[in-house]
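J.: Sequence:
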Amino acid sequence: MIPTFNNIHNRFKLNGTHYNFEDLKEVAYSLVKEGQPFEKEIGQFLLDWQDQNDFIIVKTSGSTGQPKAIKINKQAMVHSAIATGDFFSLEPGNTALLCLPANYIAGKMMLVRALILGLEIEVIEPKTNPIFDNEVHYDFCAMIPIQVQKAIQRLDHINTLIIGGASVNYQLKEKLQNLKVNAYETYGMTETITHIAVKKLNNFNADNDCSTVETSYFETLPNIKISQNKSQCLVIDAPNILEETIETNDVVKLHSATTFEWLGRKDNVINSGGVKLFPEQIETKLHSQIASRFFISKENNDKFGEQVILVVEDKDFNLKPSDLKGLSKLEEPKNIYTIDKFIETSSGKVNRGKTLQLFQK
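So for the sequence shown, the working numbering puts the first residue at 2; every next one is plus one.
Any given hint might turn out to be false.
[To be verified] Derived lysine to any residue pairs resembling SDA-like cross-links, with alpha carbons at most 25 angstroms apart: (1) 176 <-> 350; (2) 342 <-> 359; (3) 41 <-> 20; (4) 355 <-> 281; (5) 335 <-> 264; (6) 277 <-> 250; (7) 226 <-> 73; (8) 75 <-> 131; (9) 41 <-> 171; (10) 330 <-> 256; (11) 355 <-> 168; (12) 181 <-> 146; (13) 277 <-> 299; (14) 60 <-> 7; (15) 41 <-> 23; (16) 201 <-> 216; (17) 14 <-> 201; (18) 60 <-> 286; (19) 14 <-> 37; (20) 350 <-> 171; (21) 34 <-> 56; (22) 277 <-> 332; (23) 299 <-> 251; (24) 286 <-> 338; (25) 226 <-> 176; (26) 75 <-> 31; (27) 267 <-> 256.
Hints are computed from structural coordinates only; laboratory data are not their basis.
The task is simple: from the sequences and hints, build the whole structure.
T.: Next up, the structure:
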């Protein structure tokens with residue numbers, strides 16, 4: 002029998018205390034009235050979850066456009082929580098750590114998973130350097146890459162860690178290889194109620210998996226169907242979560258009915274002399290060579306139509322294009338631009354478009 006959003010699992014605990022539906026309302030009111038700012042956000046979500054509506058309003062991150070508010074069906078969130086629980090074999094009584102803000106979908110879904118799956122969830126302030134009890138073991142946690150970077154020495158206290166909100170760079174993947182934590186990069190968006198697929202990042206041999214971090218692909222969660230449109234962009238069919246299929250702007254290569262390789266954003270593609278170049282693929286080749294934040298973009302070229310450029314968040318960056326290794330002639334940046342500080346979205350992601358406007362006027 003599928004759980005419904007207006008019921009709470011009898012094994013659910015919040016910060017060590019079990020609450021039923023009515024008790025949780027009182028806790029939510031208390032958090033909104035007397036809690037710290039991050040606790041107020043948790044309290045408000047719990048009140049929204051328990052109101053008479055069958056939907057909640059969620060803000061998108063604004064990473065691929067203007068942030069907006071959208072309606073998400075509560076029962077669809079339940080199905081998403083169940084899919085995650087099934088994929089990672091989460092069981093009632095498992096422990097979870099919430100270190101993401103509850104005003105975005107990732108933080109909300111950590112709470113929903115606890116409510117529906119019967120997890121014992123501990124809540125801490127959502128800082129870039131999350132402070133959690135080193136003596137406590139957590140079965141499940143979600144973080145953004147900067148949090149993983151800051152907490153890298155303490156991650157062995159977590160069994161399963163999902164990482165989302167931004168891509169996981171080369172340096173961070175390397176640091177994860179010698180850790181006990183089972184780390185996964187997620188693929189998804191607010192509209193798909195967080196992730197619909199995950200990619201394993203470490204501990205391949207431990208699971209008798211012959212893959213490596215270089216050959217690991219995104220694998221879909223249960224009841225998710227994927228295909229491609231004419232532009233080779235990913236199409237997602239998830240009837241339990243989505244009212245209709247979603248055609249993304251993410252160009253992918255399908256490897257099976259349930260696995261895919263992400264190549265890059267369609268709107269970021271650089272057409273240089275008739276050859277399509279994906280900035281994200283070039284960036285992957287450069288992550289081990291550039292310590293500062295950077296991204297690949299494009300500018301007009303009279304001969305080739307468009308050409309590759311490199312933008313680095315470091316005014317003292319002094320490498321020349323010829324110093325960069327592993328790139329084809331077309332992939333090699335024709336110009337390198339440096340800047341003191343990237344412009345970011347409200348959720349902390351690099352806003353490539355607005356950053357480019359700073360020197361392309």
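J.: None of the hints should be skipped; say for each whether it holds.
T.: Going through the hints against the structure:
no.: 1; hint: 176 <-> 350; verdict: holds, 21 angstroms
no.: 2; hint: 342 <-> 359; verdict: holds, 10 angstroms
no.: 3; hint: 41 <-> 20; verdict: holds, 18 angstroms
no.: 4; hint: 355 <-> 281; verdict: holds, 18 angstroms
no.: 5; hint: 335 <-> 264; verdict: holds, 22 angstroms
no.: 6; hint: 277 <-> 250; verdict: holds, 15 angstroms
no.: 7; hint: 226 <-> 73; verdict: holds, 20 angstroms
no.: 8; hint: 75 <-> 131; verdict: violated, 28 angstroms
no.: 9; hint: 41 <-> 171; verdict: violated, 36 angstroms
no.: 10; hint: 330 <-> 256; verdict: violated, 28 angstroms
no.: 11; hint: 355 <-> 168; verdict: holds, 19 angstroms
no.: 12; hint: 181 <-> 146; verdict: holds, 17 angstroms
no.: 13; hint: 277 <-> 299; verdict: holds, 12 angstroms
no.: 14; hint: 60 <-> 7; verdict: holds, 22 angstroms
no.: 15; hint: 41 <-> 23; verdict: holds, 18 angstroms
no.: 16; hint: 201 <-> 216; verdict: holds, 10 angstroms
no.: 17; hint: 14 <-> 201; verdict: violated, 29 angstroms
no.: 18; hint: 60 <-> 286; verdict: violated, 33 angstroms
no.: 19; hint: 14 <-> 37; verdict: holds, 20 angstroms
no.: 20; hint: 350 <-> 171; verdict: holds, 17 angstroms
no.: 21; hint: 34 <-> 56; verdict: holds, 23 angstroms
no.: 22; hint: 277 <-> 332; verdict: holds, 10 angstroms
no.: 23; hint: 299 <-> 251; verdict: holds, 18 angstroms
no.: 24; hint: 286 <-> 338; verdict: holds, 18 angstroms
no.: 25; hint: 226 <-> 176; verdict: violated, 32 angstroms
no.: 26; hint: 75 <-> 31; verdict: holds, 23 angstroms
no.: 27; hint: 267 <-> 256; verdict: holds, 19 angstroms
The structure fails hints 8, 9, 10, 17, 18, 25 (numbered hints given earlier, in ascending order).
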